[in-house]
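J.: Taken in order, these protein sequences are the chains called U and L. Position one of the first sequence corresponds to residue 9 (our numbering), numbered consecutively onward. Position one of the second sequence corresponds to residue 4 (our numbering), numbered consecutively onward.
Since the hints were derived computationally from the structure, they do not count as laboratory data. Some hints could be false.
[Stated by the list, open to error] Below, a list of computed lysine-lysine pairs in the BS3-like style, where the Cα atoms sit at most 25 Å apart:
| # | chain 1 | residue 1 | chain 2 | residue 2 |
| --- | --- | --- | --- | --- |
| 1 | U | Lys81 | U | Lys131 |
| 2 | L | Lys242 | U | Lys131 |
| 3 | L | Lys363 | L | Lys22 |
| 4 | L | Lys281 | L | Lys161 |
| 5 | L | Lys161 | L | Lys112 |
| 6 | U | Lys207 | L | Lys242 |
| 7 | U | Lys203 | L | Lys242 |
[Said to hold, decoys possible] Partial selection, computed: residues in chain U whose CB lies under 8 Å from chain L:
| # | residue |
| --- | --- |
| 8 | Leu140 |
| 9 | Asn147 |
| 10 | Gln151 |
[Unchecked claim] Far from chain L, by Cβ distances over 10 Å, these chain U residues were calculated:
| # | residue |
| --- | --- |
| 11 | Tyr58 |
| 12 | Asn98 |
| 13 | Arg166 |
Idealized CB from N, CA, C, for every residue including glycine.
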Amino acid sequence: MAPIKSKGEASKILMIGANGSGKTGSLVSLARAGYNIRVLDFDNGAEILYQLTKGEPEVAARFDVETHTDDYKSQAGVVQPVTPLKGFANGMKVLDNWPGFGNINTWGPDTVLVLDSMTMMGKFIMNHILFLNAHLGQNPQLQHWGAAMSIQEDVMARLYSPTVKCHVIVMAHITFLEPEGEAVRKAYPSALGNKLPPKIGSYFNSTLHVGVKGSGANQRRVISTKSTNTIDLKTPAPGLVKDEYPIETGLADYFKDLHGPLKAA
Amino acid sequence: MTTAVPLHSEPEVRLSFSKTLPGWQFAWDSTSLGTFKECPRKYQLSILFGYRHRKATNLHLRFGQLYHRALEVYDHRKCDGLSHEMAMRAALLDLAEGCQDEAREPCVKCNGTGAASYGDLPANRCWDCEGKGSFLITRRWWDPNEGLTPEKVQENTKTIYTLFRTVVWYLDRFEDDPAQTIVLSDGRPAVELSFRFDTGWKGPDGESILMCGHMDRVVTISDEPWVLDRKTTKQTITKNYTDSFHPDNQMSLYTAAGRIAFAVPVKGVIVDAVQIAKGFSRFERFPTLRTEGQINEWLEDTKFWIGLAGHFAEIGYYPMNDKSCDKYGGCPFRGVCQKDPAVREIWMGDYQVSLWDPLKVRGDV
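With the hints as constraints, model all of the structure from the sequences given.
T.: Structure (structure tokens):
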């Protein structure tokens with residue numbers, strides 16, 4: 009009988025929170041802790057990283073951001089994506105060959121790949137499917153959702169694969185759904201369709217929530233690890249990690265609790 | 004042990020089969036591999052021996068082949084520089100020819116060879132039949148309903164009308180196709196592209212095992228190469244339909260081949276499906292993706308299956324998988340397998356031979 013022991017696997021974290029809750033900004037603590045942070049940015053929201061690290065050039069130097077979004081144009085009152093589409097296709101190319109850093113499979117535990125956000129990536133995946141079917145700019149039909157959801161799930165499967173040895177953080181906005189068999193609406197990571205959000209968490213060993221606690225002057229932003237009635241979270245080390253961390257140092261503290269301090273290369 | 008059904012005669016030499024170990028296929032495609040996985044006995048009868056039921060309707064096969072060919076002709080003519088309208092016209096003319104069956108009588112002068120000599124002149128093109136070897140007696144439109152029961156005729160959506168409609172609607176829908184056919188270095192479009200690769204495994208005869216096949220079309224979408232595979236179905240294209248391609252033998256093989264056999268690895272396979280209904284044809288494209296881990300697993304599984312085929316070839320016996328008899332529309336050999344092994348040969352008279360050879364190069368348009 010083989011004894012249980014840690015495989016020392018990289019963290020694959022799903023980080024969910026409302027728009028503007030501080031998910032992207034929370035990455036700075038990891039850079040301060042010495043991790044290389046490579047952000048695949050679909051939200052075009054990396055400006056906060058520049059602002060938060062303005063006076064810390066050595067911290068700023070640990071960030072590398074690849075922003076890939078679809079462009080849109082307005083024609084006869086209708087806004088639709090411009091071809092060739094750039095968001096999803098170029099984003100996936102970068103995973104195979106990140107400029108200056110190669111394939112993500114070659115990265116080690118001193119690096120964190122961040123996908124920000126899965127929600128916006130889903131929108132670009134749908135554009136990709138509609139483009140493929142010469143339906144761009146039109147409402148997706150039932151079969152388009154199925155194809156797009158499969159692709160989104162496949163991307164998560166790729167990042168969860170043991171061949172990706174670096175840490176991974178996928179950011180997602182929140183959607184509220186009433187799961188089958190339950191009478192209560194719960195918060196889920198915002199992915200395509202209704203069937204994918206409740207199961208997307210399977211592709212991660214941690215699900216964390218970024219939100220606001222308290223009110224008025226006592227209001228503070230925190231990273232939570234413990235489930236509540238309305239949101240299911242998870243961690244591979246319950247009892248070893250805290251129920252919540254302050255957002256300013258939270259991610260770095262969580263990583264330290266899971267993996268110990270980052271070893272110098 | 005002996006084979007369940009004796010060979011009808013000495014089989015003709017096939018490129019994909021070993022010359023030293025009878026019954027050992029060293030070059031596999033998705034059709035032969037898929038048949039083997041369904042039932043080794045069915046593989047022996049249909050692939051090794053090439054048996055096809057005489058009364059089996061080839062409606063779906065011919066409809067699919069004509070559809071593929073029409074779009075292939077269109078791709079070739081566009082590559083030649085023709086406009087969309089002219090290329091479509093060429094495709095439809097070719098399709099019309101393909102939908103006609105000819106009855107021909109062999110030329111007596113040249114004995115069907117197309118070459119004959121006249122007087123003292125050396126043998127040259129037969130003037131009687133203009134080198135064709137035969138004379139056209141009659142030409143008639145293919146009847147897709149031939150061989151179908153009255154009930155099946157009522158249900159049948161694959162007719163010449165729906166075939167033409169589907170081709171025209173497809174070409175109109177994708178006139179400005181986001182999927183651009185790759186042009187090969189020799190100037191030909193990458194359609195009906197044959198591939199083969201050495202798996203690195205060895206068969207029981209010590210020779211290399213190859214995987215091979217033909218890709219309908221290789222395209223670029225947003226500057227990335229993809230394999231596009233065309234499918235026709237009467238089903239509504241829902242998630243059930245798209246899910247049926249994962250796992251799937253053919254799609255996994257194409258994905259593996261796209262990464263191993265090509266100089267520039269393809270991203271994956273896009274299924275270019277059309278639902279053929281009585282009143283409409285509906286088109287949907289969707290990718291069917293495989294991770295590296297899934298491809299490695301499929302290759303490992305394939306090595307197991309082909310190893311099993313090698314073992315059966317060595318012992319000359321192919322067991323039945325009696326759980327497959329009622330699947331896939333019902334096995335065409337069920338009537339034979341229901342008989343005692345001692346009398347099965349008698350029942351093979353209902354079958355004709357058409358040998359399958361994955362390494363045989365397909366004709367060009």
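J.: Against each hint, give a clear statement of whether it holds in the structure.
T.: Status of the hints after comparison with the structure:
no.	hint	result
1	Lys81/U with Lys131/U	holds (16 Å)
2	Lys242/L with Lys131/U	holds (19 Å)
3	Lys363/L with Lys22/L	holds (16 Å)
4	Lys281/L with Lys161/L	holds (8 Å)
5	Lys161/L with Lys112/L	violated (41 Å)
6	Lys207/U with Lys242/L	holds (17 Å)
7	Lys203/U with Lys242/L	holds (12 Å)
8	Leu140	holds (5 Å)
9	Asn147	violated (15 Å)
10	Gln151	holds (5 Å)
11	Tyr58	holds (29 Å)
12	Asn98	violated (8 Å)
13	Arg166	violated (6 Å)
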